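Asks: Listed here are the chains, written in short residue letters.
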Amino acid sequence: MSKSAFAIAAALFVGTTVTHAAGRNHIEIVGSSTVYPFATVVAERFGQSGEFKTPKIEATGSGGGMKLFCSGAGVNTPDITNSSRRIKESEFDKCQANGVVDIVEVLIGFDGIAIANSVEADQLTLSLSDLYLALAKDIPNPDGSETFVPNPYTLWSEVNNTLPASKIEVLGPPPTSGTRDAFAELVLEGGCKQVDWVKDLKASDKSTFKARCHSVREDGHYVEAGENDNLIVQKLSANSNALGIFGYSFLEENEDLVQGSIIDGQEPTFETIADGSYPVSRPLYFYVKKAHMGQIPGLEQYLAEFTHEDTWGEEGYLTDKGMIPLSDEKRSEIGTAVANATPMTMD
Amino acid sequence: MNNTTTKRNTTDIVKAGLAKRYARERRFKLMGVAAVSISMAFLAFLLISIFAKGLPAFQTTYIKLDITLEKKSLGLPEEPTAIEISRARYDKSIKKALLAQFPDVTKRKEKRMLYQFVSSYASRQVADALVADPTLLDTTASLWVLADDEVAALARQADYTLEKKDKQTEITRARIEELKAENRIETRFNWLFFQRGDSREPEAAGIKGAIMGSFYTLIVTLVLSFPIGVAAAVYLEEFAPKNKLTDIIEVNINNLAAVPSIVYGLLGVAVFINFFHLPRSAPLVGGIVLSLMTLPTIIIASRAALKSVPPSIADAALALGASKIQTITHHVLPLAMPGILTGTIIGMAQALGESAPLLMIGMVAFIVDVPTGITDPATVLPVQVYLWSDSPERAFTERTSAAIMVLLIFLIAMNALAVLLRKQFERRW
Numbered sequence: 001m002s003k004s005a006f007a008i009a010a011a012l013f014v015g016t017t018v019t020h021a022a023g024r025n026h027i028e029i030v031g032s033s034t035v036y037p038f039a040t041v042v043a044e045r046f047g048q049s050g051e052f053k054t055p056k057i058e059a060t061g062s063g064g065g066m067k068l069f070c071s072g073a074g075v076n077t078p079d080i081t082n083s084s085r086r087i088k089e090s091e092f093d094k095c096q097a098n099g100v101v102d103i104v105e106v107l108i109g110f111d112g113i114a115i116a117n118s119v120e121a122d123q124l125t126l127s128l129s130d131l132y133l134a135l136a137k138d139i140p141n142p143d144g145s146e147t148f149v150p151n152p153y154t155l156w157s158e159v160n161n162t163l164p165a166s167k168i169e170v171l172g173p174p175p176t177s178g179t180r181d182a183f184a185e186l187v188l189e190g191g192c193k194q195v196d197w198v199k200d201l202k203a204s205d206k207s208t209f210k211a212r213c214h215s216v217r218e219d220g221h222y223v224e225a226g227e228n229d230n231l232i233v234q235k236l237s238a239n240s241n242a243l244g245i246f247g248y249s250f251l252e253e254n255e256d257l258v259q260g261s262i263i264d265g266q267e268p269t270f271e272t273i274a275d276g277s278y279p280v281s282r283p284l285y286f287y288v289k290k291a292h293m294g295q296i297p298g299l300e301q302y303l304a305e306f307t308h309e310d311t312w313g314e315e316g317y318l319t320d321k322g323m324i325p326l327s328d329e330k331r332s333e334i335g336t337a338v339a340n341a342t343p344m345t346m347d
Numbered sequence: 001m002n003n004t005t006t007k008r009n010t011t012d013i014v015k016a017g018l019a020k021r022y023a024r025e026r027r028f029k030l031m032g033v034a035a036v037s038i039s040m041a042f043l044a045f046l047l048i049s050i051f052a053k054g055l056p057a058f059q060t061t062y063i064k065l066d067i068t069l070e071k072k073s074l075g076l077p078e079e080p081t082a083i084e085i086s087r088a089r090y091d092k093s094i095k096k097a098l099l100a101q102f103p104d105v106t107k108r109k110e111k112r113m114l115y116q117f118v119s120s121y122a123s124r125q126v127a128d129a130l131v132a133d134p135t136l137l138d139t140t141a142s143l144w145v146l147a148d149d150e151v152a153a154l155a156r157q158a159d160y161t162l163e164k165k166d167k168q169t170e171i172t173r174a175r176i177e178e179l180k181a182e183n184r185i186e187t188r189f190n191w192l193f194f195q196r197g198d199s200r201e202p203e204a205a206g207i208k209g210a211i212m213g214s215f216y217t218l219i220v221t222l223v224l225s226f227p228i229g230v231a232a233a234v235y236l237e238e239f240a241p242k243n244k245l246t247d248i249i250e251v252n253i254n255n256l257a258a259v260p261s262i263v264y265g266l267l268g269v270a271v272f273i274n275f276f277h278l279p280r281s282a283p284l285v286g287g288i289v290l291s292l293m294t295l296p297t298i299i300i301a302s303r304a305a306l307k308s309v310p311p312s313i314a315d316a317a318l319a320l321g322a323s324k325i326q327t328i329t330h331h332v333l334p335l336a337m338p339g340i341l342t343g344t345i346i347g348m349a350q351a352l353g354e355s356a357p358l359l360m361i362g363m364v365a366f367i368v369d370v371p372t373g374i375t376d377p378a379t380v381l382p383v384q385v386y387l388w389s390d391s392p393e394r395a396f397t398e399r400t401s402a403a404i405m406v407l408l409i410f411l412i413a414m415n416a417l418a419v420l421l422r423k424q425f426e427r428r429w
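Note that the protein sequences, when read in sequence, are chains X and A. Going by the numbering used here, the first residue of the first sequence is number 1, and it counts up by one from there. Going by the numbering used here, the first residue of the second sequence is number 1, and it counts up by one from there.
Calculated directly from the structure, the hints in this document are not laboratory data. What you are looking at is a predicted structure, and each value in this text was computed from that prediction instead of being measured. Just so you know, not all the hints are guaranteed correct.
[Claimed, not checked] No more than 27 Å apart at the CA atoms, straight line, and that leaves these computed lysine-lysine pairs for DSS-like:
{"hint": "1", "chain 1": "X", "residue 1": "321", "chain 2": "A", "residue 2": "107"}
{"hint": "2", "chain 1": "X", "residue 1": "321", "chain 2": "X", "residue 2": "94"}
{"hint": "3", "chain 1": "A", "residue 1": "64", "chain 2": "X", "residue 2": "321"}
{"hint": "4", "chain 1": "X", "residue 1": "210", "chain 2": "X", "residue 2": "199"}
{"hint": "5", "chain 1": "A", "residue 1": "307", "chain 2": "X", "residue 2": "321"}
{"hint": "6", "chain 1": "A", "residue 1": "111", "chain 2": "X", "residue 2": "321"}
{"hint": "7", "chain 1": "X", "residue 1": "321", "chain 2": "A", "residue 2": "208"}
{"hint": "8", "chain 1": "A", "residue 1": "96", "chain 2": "X", "residue 2": "321"}
{"hint": "9", "chain 1": "A", "residue 1": "15", "chain 2": "A", "residue 2": "64"}
[Unchecked claim] Partial list, computed: chain A residues near chain X (C-beta under 8 Å):
{"hint": "10", "residue": "87"}
{"hint": "11", "residue": "124"}
{"hint": "12", "residue": "125"}
{"hint": "13", "residue": "200"}
{"hint": "14", "residue": "364"}
Even for Gly, the Cβ is constructed at its ideal location relative to N, Cα and C.
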C-alpha cells in the first residue's frame with residue numbers, strides 16, 4: 001500500500017519538476033505593504049484577461065523589497081519593487097553596483113496617514129506640533145532653554161489646553177513599517193521644525209536633529225500595535241480614549257467605526273489628500289528593472305495596465321481602494337516616461 | 001486493656017482525619033475538573049468565535065441583471081472565437097445594465113456608488129457565460145452575477161435596526177429591497193470559495209489556491225522526509241554501532257526537533273534559494289524546508305516504533321536463516337509501520353500548520369492563479385489566513401475565519417487518520 005502511494009508521489013514529483021524547469025513566465029513583485037493592496041488589485045485585473053499569468057506579489061516592506069530588488073539582475077530576482085517612499089541614494093548605488101543599471105521609476109499616487117479614534121468619542125482637532133509634543137521621546141525644554149528633556153506629558157490637555165484631559169494613548173505601527181517612517185518624517189519632524197532653534201539644528205547638525213525629531217517615546221504612551229492595521233481599528237473601537245495611526249484606505253473602509261482627526265485644520269478626505277492640503281500624506285512608488293522587459297512575458301503590459309486611466313486615473317479602480325491619484329499633468333508625464341521605459345536618475 | 005485503647009486511638013485518629021482527607025481529595029479532583037473546564041472553555045470560545053465569524057463566508061449573494069451584449073460595442077468581430085469572447089471587457093455592459101435597473105440614478109457621484117453594487121468579478125462571470133453559450137451575444141441576457149461584499153452583508157441581515165444609519169447604507173438597503181421584490185437577488189452557497197485562488201475582492205476570493213499549495217508542499221515534504229526519516233531510523237536502530245558518534249547524532253536529532261521553525265526558513269533562503277537558485281515562493285522549496293523540520297519528528301517516532309517490535313521476532317527470523325535485511329524488511333519494518341505512519345502523519349500535520357519558515361522563502365505572497373505543480377508560485381493555508389486577516393476590506397474577516405475552519409478540518413482529519421491507524425493496526429506485545 002505504502003509502496004504504490006510512494007511510487008505515485010515520486011512520479012508526481014519528477015513529472016512536475018520536468019514540466020516546470022523552463023524560465024519564469026510570471027512577473028515577480030516585492031516591496032511595501034502600503035502599496036500591496038493597490039498592486040494586488042492591478043495584478044488581479046491584469047491576470048483576469050487570461051493572456052498572461054497573474055503576477056506574484058510579496059509584501060516585504062519597502063526596505064526589504066529594495067534589498068531583494070537590488071540584489072542583482074536576472075530571472076531569479078524580482079522584476080518590480082513597490083515602495084512607500086522614494087528610493088534612497090544608498091539603495092540606488094547598491095543597485096548599480098549589483099548590475100541593476102536601468103531602473104524605471106513610477107510614481108503612482110498618494111496615500112494619506114490617518115490619526116483616528118473611535119466614533120464613540122469626539123473628533124479631535126490636532127496640530128503637527130501637538131502630535132510631536134505628545135509622542136516624541138525627547139521634547140524641547142518647556143521653560144524655553146535650548147535643551148531637550150524627556151517627554152513629561154501624560155495627558156492631552158497638558159500638551160494643549162484646548163484638548164481633552166484624557167491620557168495620551170496612541171496605537172501605531174512598529175519601526176519596521178513604512179507607515180512609521182512616514183509618520184516620523186511628516187508628523188514628528190513637521191512638529192519639530194516649528195520650534196525655531198530646533199529648525200536651526202537641522203542645518204548645523206543633521207544627525208542630532210534626526211535623532212531628536214524622529215524618535216517616538218517608549219514609555220507606554222505610544223503602543224506598538226503591529227503591522228496589522230485591522231487590529232488597530234478593532235482596538236480603537238474597543239477603547240474610545242485611544243488614538244490610532246494607519247493608512248487612509250483603512251479609514252475609508254471603516255468609517256462607521258473610526259473617524260480621522262483634523263490635523264492642522266484639515267480632515268483626512270479624498271479631496272484634501274489629493275490637493276495636498278492634508279499634511280500627512282506620502283507618495284507611492286514602484287521600480288522596474290528595464291533589463292527584464294522583453295525577458296519576462298507581460299511586464300510591459302502590466303506597466304501599461306497600471307498607468308492606464310481606468311486604473312490610476314481620477315475615476316480609476318485604484319481610487320475605489322483608497323489611493324489618491326496624481327494630478328492630470330503628472331499622470332501624463334509619468335505615463336509617457338513609463339511607455340518609453342525611460343530609466344531614472346538620482347538627483 | 002491498654003492494647004484496645006491504642007487501637008481505638010488509631011481508629012479515632014483516622015476517623016477524625018477522614019473528613020479532612022476526603023476534603024483534600026475533593027479539592028484535588030475539583031482542581032483537575034477546573035483545569036479541564038478552563039481549557040475546554042478556551043477551546044469552545046475559540047471554536048464558537050471562529051464558526052460565528054466564519055459561517056457568513058460560506059454564503060454569497062447574486063444579483064440578476066438584464067445585460068445587453070452587442071458584439072459591436074464589445075469590440076468583437078462577427079464570428080468571435082472563444083478566446084476573443086473570454087478576453088473582452090464586459091464592465092461597461094454591466095454598468096449599463098445597472099443603470100437600466102435603477103433609472104432614477106443620474107448624478108455622477110451616485111452612479112459611481114451604484115457601479116460598486118456588483119463585484120468586479122462579474123465581468124469574468126459574464127465572459128464565462130458567453131463562452132459557454134455564444135448565442136447570448138447580440139441579445140439581452142438575464143444573468144446572475146456576484147454582488148459586492150458590502151451589498152452581500154446588507155442583504156443577509158434580517159434586522160436592519162441594529163446597524164448605524166448613514167445615508168449611503170440607507171440607499172443601498174432600499175435598492176436591495178427593490179431587487180428582492182423583483183426576485184432579482186438571491187443568497188446561495190459560496191461554491192466560488194472552493195473553486196478559486198486568492199482575490200482582492202472578498203466575494204471572489206477562494207481557498208483553492210492555498211489548498212493546492214498546501215497539497216503540493218506536503219507532497220514534497222512527504223516524499224523527502226518519509227524515506228529519509230525511516231532509513232535514518234532503521235540504520236540508527238538496527239545497524240549503527242553504539243559509540244560516541246552515534247550518541248552525538250542521537251542527541252542532535254532530539255535537539256533538532258526543538259529548534260524554532262523560523263531557523264529552517266533562514267536556512268532555506270540561504271541554501272536553496274541563494275545558493276541553488278531554486279524558485280522563490282515555490283512549494284518545492286517550501287516542502288524541502290518543512291521536511292527539514294519534520295525529519296526529527298519522523299526519525300524519533302520511527303525509532304520508537306522499531307524499538308517496540310519484540311526482539312524475539314527478529315531473532316526467530318534470523319534463526320530460520322533470514323538475512324539481516326530480510327529480517328528488517330519482512331518482519332520488523334511491517335510490524336513497526338503503524339507507529340511510523342502515525343509519527344509521519346503527526347509530522348505532516350505540524351508541517352501543514354506551519355507558516356513562519358515559509359515567510360522567509362517568499363510563500364507569503366498574493367497569488368491568484370491556482371498552482372498546478374511544485375514549481376509554480378504558491379501559498380499555503382496558514383499563510384492565507386495571515387494574509388486575509390491583514391486586508392482592509394471587512395468581509396475578509398469572515399474569509400479569515402472560514403480559512404481557519406478549512407485548515408482545522410484538514411488538521412482534524414489528519415490526526416483522526418493517525419489515531420485510526422494506531423487503533424487499527426498497532427499490536428501490543
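Asks: Please verify whether residue 15 of chain A and residue 64 of chain A have alpha carbons no more than 27 Å apart.
Replies: Answer violated: residue 15 of chain A to residue 64 of chain A is near 81 Å, above 27 Å.
Asks: Given the hinted pair residue 96 of chain A and residue 321 of chain X, is their Cα-Cα distance within 27 Å?
Replies: holds (22 Å)
Asks: How about residue 87 of chain A: closest beta carbon in chain X under 8 Å, or not?
Replies: Hint holds; residue 87 of chain A Cβ to chain X Cβ min 5 Å, cut 8 Å.
Asks: Does residue 307 of chain A pair with residue 321 of chain X here, judged by a C-alpha cut-off of 27 Å?
Replies: violated (60 Å)
Asks: May I ask you to test the interface hint for residue 124 of chain A with respect to chain X, counting a Cβ-Cβ separation under 8 Å as satisfied?
Replies: Holds. Min distance 6 Å.
Asks: Please work out if residue 321 of chain X and residue 208 of chain A have their alpha carbons no farther apart than 27 Å.
Replies: The given pair, whose Cα atoms are some 25 Å apart, holds under the 27 Å limit.
Asks: Between the alpha carbons of residue 321 of chain X and residue 94 of chain X, is the straight-line distance 27 Å or under?
Replies: Since the Cα atoms of residue 321 of chain X and residue 94 of chain X sit roughly 33 Å apart, the hinted pair is violated (cutoff 27 Å).
Asks: Does residue 321 of chain X lie within 27 Å of residue 111 of chain A when you go C-alpha to C-alpha?
Replies: holds (17 Å)
Asks: Are the Cα positions of residue 210 of chain X and residue 199 of chain X separated by 27 Å at most?
Replies: holds (11 Å)
Asks: For the restraint on residue 364 of chain A, tell me whether the closest CB of chain X is nearer than 8 Å.
Replies: holds (6 Å)
Asks: Under 8 Å, Cβ to Cβ, is where residue 200 of chain A needs to be relative to chain X, so tell me if that hint holds or is violated.
Replies: Given a least distance of 5 Å, the restraint on residue 200 of chain A holds.
Asks: Between the alpha carbons of residue 64 of chain A and residue 321 of chain X, is the straight-line distance 27 Å or under?
Replies: holds (25 Å)
Hints 2, 5, 9, 12 from the list above are not met by this structure, while the remaining hints are.
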